[in-house]
Amino acid sequence: MSLITLTTDFGTKDHFVGAVKGAIYSELSDAKIVDITHEISPFNITETAYILKNSYKSFPEGTIHIIGVDSELSRDNKHIALELDNHFFVCPDNGLISMIASEIKPTKIVEINIHDRIESSFPVLDVFVQVACFIARGGNLTVIGKEIQEFKKLVEIQPKVNQAQNQIIGGVLYIDNYGNVITNISLKMFQDIGKGRRFKASARRYSFSKIFTKYNEVAGDSAHDSIQYDGSKLAIFNSAGFLEIAIYRSNLATVGGASTLLGLNYRDPITIEFYNDSKPDFTPLS
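In this text, residue positions in the sequence shown follow my numbering: the first is 6, and each later residue adds one.
Some hints could be false.
[As the list claims (entries may be wrong)] Restricting the straight-line Cα-Cα distance to at most 25 Å, the calculated cross-link-like pairs of lysine-lysine (DSS-like) are:
id, residue 1, residue 2
1, Lys200, Lys113
2, Lys165, Lys151
3, Lys37, Lys26
4, Lys37, Lys18
5, Lys58, Lys165
6, Lys62, Lys18
7, Lys58, Lys26
8, Lys158, Lys62
9, Lys157, Lys113
10, Lys219, Lys205
No lab work stands behind these hints, which were simulated from the structure alone. As the structure is a computational prediction, the values presented were derived from the model and not from experiment.
Go ahead and model the full structure; you've got the sequences and the hints to work with.
What follows is the structure in structure tokens.
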């Protein structure tokens, strides 16, 4: 049985997702299809990369991941298939792989070349499905494309380090279902650059001098009566290892989320400044 995941910005109102699944089952009747999400913001490559980077490892090795975001074929947006970390990805070469492959180098990458036989305005259905099913049957990547060594890099999703000013300059990468704001600053970078020093994290006119390890730590010793802390802002390194600005027990319908309450949006700058003195108002990560 082949395991194939789908990650798209198609939504669920239209026929697109159903058509893709139907095409897969027509090729592989015993396939197992898992929807990672179809609610990616339209054409949002960094959001796609963040979600996929933090979900693909939960699947068994050999899983095939079809990615349908900004997938229309063009001279600058080719289609690729690759093997990475014992998983297979079929996707556009629009830069999203550069985040997923930031720490692990692909074993093999090919530029898909079956377009000579297929002309389509819906490549996820007509091209990606065929490639995924070919891989699922044990096909070699080099049969469906020419091997290449490079893929498009997205420089904008990488935080910058200003050593002279003891700063990490990052930005908002993703806003989740709770309205929490996820940045591109990783715990590893924070620890490597900060080296245990005191710090201040700034987002617009808000600043944070403590980073929590759990959301309910904001309630401290009052965790048993934590309702009074609902709506408190906090910074935390989330389960994916990225700095997150959150509102404790946020509810978009009532309290609101960090994005709306703090006025933070995709690509807004987030900075962390480190200090060499011992100012008591800056608390290092515990």
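Tested hints:
1. The straight-line distance between the Cα atoms of Lys200 and Lys113 is roughly 36 Å, outside the 25 Å bound, and the hint therefore fails.
2. Taking the CA atoms of Lys165 and Lys151, the gap is near 34 Å; set against the 25 Å cutoff, the hint is violated.
3. For a cut-off of 25 Å, the pair hint linking Lys37 to Lys26 stands: about 10 Å separates their Cα positions.
4. Taken as a hint, the Lys37 and Lys18 pair is honoured in the structure, with Cα atoms around 22 Å apart against an allowance of 25 Å.
5. Between the alpha carbons of Lys58 and Lys165 the distance comes to roughly 20 Å, so the proposed pair stays at or under 25 Å and holds.
6. Between Lys62 and Lys18 the alpha-carbon distance is near 28 Å, which puts this suggested pair outside the 25 Å criterion.
7. Taken as a hint, the Lys58 and Lys26 pair is honoured in the structure, with Cα atoms around 22 Å apart against an allowance of 25 Å.
8. Restraint check for Lys158 and Lys62: the C-alpha separation of about 21 Å stays at or below 25 Å, so the hint holds.
9. A threshold of 25 Å between alpha carbons decides the hint, and for Lys157 with Lys113 the separation of about 15 Å falls inside it, so the pair holds.
10. Between Lys219 and Lys205 the CA atoms are separated by roughly 19 Å; this keeps the pair inside 25 Å, and the hint holds.
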